[in-house]
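I would like the entire structure built from these sequences, with the hints used as guidance.
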Amino acid sequence: MKRNRNKVFRPTAFSFPYLAVTLVFVIAPLVLVLVYAFRGQDGGFTFANFREVFTEKQNVMQLLQTVGIAALSTGICLLLAYPVAYVLASKPFNKWAILSLLFIIPMWINFVLRVFALKSLLEMMGIGKGYFAAVVGIVYDFFPYMLLPIYTVLSNLDKSYVEASADLGAGPVRTFFRVTLPLSVPGVVSGISMVFMPVFSSYAITKTMGDADTTVIGAKIASLFHQRSYGVGSALSFVLLVLVLIVMVVTNLLSRRTAKAPKGGKVA
Amino acid sequence: MKKSTMWTIARWAILIVVLLAIYLPLILIMVYSFSGARSAGDTFGEFTFSQYANLFEDKKLLTATKNTIVVGVVSALIATLLGTTAAVGIHYMRRRWQTAVDTASQITVVNAEIVTAMGFFLLMLFLRDTVKLPVNFGLGWLIVAHTVITTPYVILTVSPRLKQLNPNLLEASMDLGAGAIRSLITVLLPQLAGAMVSGFALAFTLSLDDFVVTNINGTGVDTISTIVYDGLRNKLNPDIRALSTIIFVLVLGVLIVGNIIKNKRLQNEARKK
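So the protein sequences, as listed, match chains W and B. Per the numbering used here, residue 736 is the first one in the first sequence, and the count goes up by one each step. Per the numbering used here, residue 7 is the first one in the second sequence, and the count goes up by one each step.
Quick caveat, the hints were computed from the structure, so don't treat them as lab data. A portion of the hints provided could be inaccurate.
[As the list claims (entries may be wrong)] In silico lysine to aspartate or glutamate, EDC-like type, Cα no more than 20 Å apart, as pairs:
#: 1; chain 1: W; residue 1: K942; chain 2: B; residue 2: E119
#: 2; chain 1: B; residue 1: K241; chain 2: W; residue 2: E858
#: 3; chain 1: B; residue 1: K66; chain 2: B; residue 2: D215
#: 4; chain 1: B; residue 1: K241; chain 2: W; residue 2: D946
#: 5; chain 1: W; residue 1: K942; chain 2: W; residue 2: E858
#: 6; chain 1: W; residue 1: K864; chain 2: B; residue 2: D48
[Unchecked claim] Sample of chain B residues facing chain W (criterion: CB under 8 Å; computed from the structure):
#: 7; residue: G42
#: 8; residue: T91
#: 9; residue: L128
#: 10; residue: L129
[As the list claims (entries may be wrong)] Example chain B residues on the side facing chain W (calculated, C-beta under 7 Å, incomplete):
#: 11; residue: L21
#: 12; residue: P31
#: 13; residue: G47
#: 14; residue: S250
#: 15; residue: I252
Yeah, the Cβ is synthetic: ideal placement off N, Cα and C, and Gly gets one too.
As structure tokens, then:
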């Protein structure tokens, strides 16, 4: 009798509340974005919203500028974070856990407060609002998110690869470029994906540190919704969704390819 | 020898320069929290605690702080419950379903935050104006939204721990006659307590850090994020420096002390072995 009751309630059922929540609060909103994006003012199916997105020069310019800002700040983050991660994972430094913690701590401080602090410092140094300040702000904000995955990969890296490379006669520079760097690509890829797309939504930074010409597309979407242009706003959101998908597929392919590399014998 | 000394200096230099860049802005705010100057960087003037005293009279800021904590704690609690039960359910699913649900749970994690925020906004419009439910934007809706965006992170924290457990644990308990819910509470949850605490902490900090979803769905409800943002665009009260300082010191203290305790425990365990 009791066995029967247990068979009725499978442990899988524990996930049902979450599944219901996901359906209502994750899937349904996306469906609504789709519906609004493809619905005209008369309620019928239309591409008019997308036409408006792509024919208005300002939208296209802002989209391109966002990609530019995201690429630039992701690049700077990477150039700064990689050496820091490399040093933190190297010999005397990897013993002091507190040292790496110091670099990661900003993650836990409210990011608008950090923007406020940075803005105060830049103003004190005589650097006012503008493209430069906005990019510095984005880099400052996202730096720990680039650092953490790279640091994790580098400090878990099997040291025998590096030793083998040295034993076989490669100098430290060659070992770095032929062994360490290729093996750390998964961390780099995950760092890039944690910075690049989030920049699109970081209008809190561009609106407070950038000038009128420096914006990210997130600001445009927010203002479209403020003006109750839900159709065009949703169409633009849909464009972002497609971008997110593309970035996801690319990063998946990249990390899958590099994950295979060591076994292929090409790297090590 | 000389080369290696230079290498050591270079490595220290990289770390110190970046650390300075990270902490100088925070130090500036902390120092100027003891000054009445309009903005940090102006003439310092007299050393004063007046910003801290003003802080407790600033109704808007106090309400925003209260809202931030209420939304953070409540949404993180619900997210921990929802995420833990979800992780358990997913754990016992068939492979194909597991992949499907895992993918669905990643949607809000990988999606652009602005799109997620707009989705919530449209959903509220739909529920309020089309379905005519008696709901509206505000604190409750913020809690719902924050719960939804933080739950996947709880699942990500709890799932690995679940995989380490004996797979027959739940089955054994149910075979011995306990119901599924009782088995969950008395057998599984105690084993998952550590992961649940980490999940809660993660959900809480993510909620505190959120700006975009709050800015768009909190109409009329301010949190620290939105009030500082508004202040940055118009005019910021100097007492925000006092609040920032308190937050910086709290975060720094909690993390460093927590880390020291963790390291001590690890050392003790290593010694026992």
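Status of each hint after checking the structure:
In summary, the hint linking K942(W) to E119(B) is supported, as the alpha carbons are separated by about 16 Å, within the 20 Å threshold. For the proposed pair K241(B) and E858(W), the alpha carbon gap of about 15 Å is at most 20 Å, so the pair holds. For a cut-off of 20 Å, the pair hint linking K66(B) to D215(B) stands: about 19 Å separates their Cα positions. Between the alpha carbons of K241(B) and D946(W) the distance comes to roughly 17 Å, so the proposed pair stays at or under 20 Å and holds.
About 15 Å separates the Cα atoms of K942(W) and E858(W), which keeps this hinted pair within 20 Å; it holds. With a C-alpha separation of about 18 Å, the suggested pairing of K864(W) with D48(B) holds against the 20 Å cut-off. Look at G42(B): its Cβ only gets to about 15 Å from chain W, farther than 8 Å, so that hint breaks. Because the closest C-beta pair between T91(B) and chain W is about 4 Å apart, less than 8 Å, the hint holds.
For the restraint placing L128(B) at the interface with chain W, the shortest Cβ-Cβ distance is roughly 4 Å, inside the 8 Å limit, so the hint holds. Because the closest C-beta pair between L129(B) and chain W is about 5 Å apart, less than 8 Å, the hint holds. At its closest, the beta carbon of L21(B) sits 6 Å from a beta carbon of chain W; the interface hint therefore holds under the 7 Å criterion. Against a cut-off of 7 Å between C-beta atoms, the interface hint on P31(B) holds, since the closest Cβ of chain W lies about 4 Å away.
Hint on G47(B) holds. Least Cβ distance to chain W is approximately 3 Å, under the 7 Å limit. A least Cβ separation of about 5 Å between S250(B) and chain W falls short of the 7 Å threshold, and the interface hint therefore holds. Below 7 Å, beta-carbon pairs count as interface contacts, and I252(B) has none with chain W, the closest being about 11 Å; its hint is therefore violated.
Going down the numbered hints, you'll see the structure goes against 7, 15, while the others check out.
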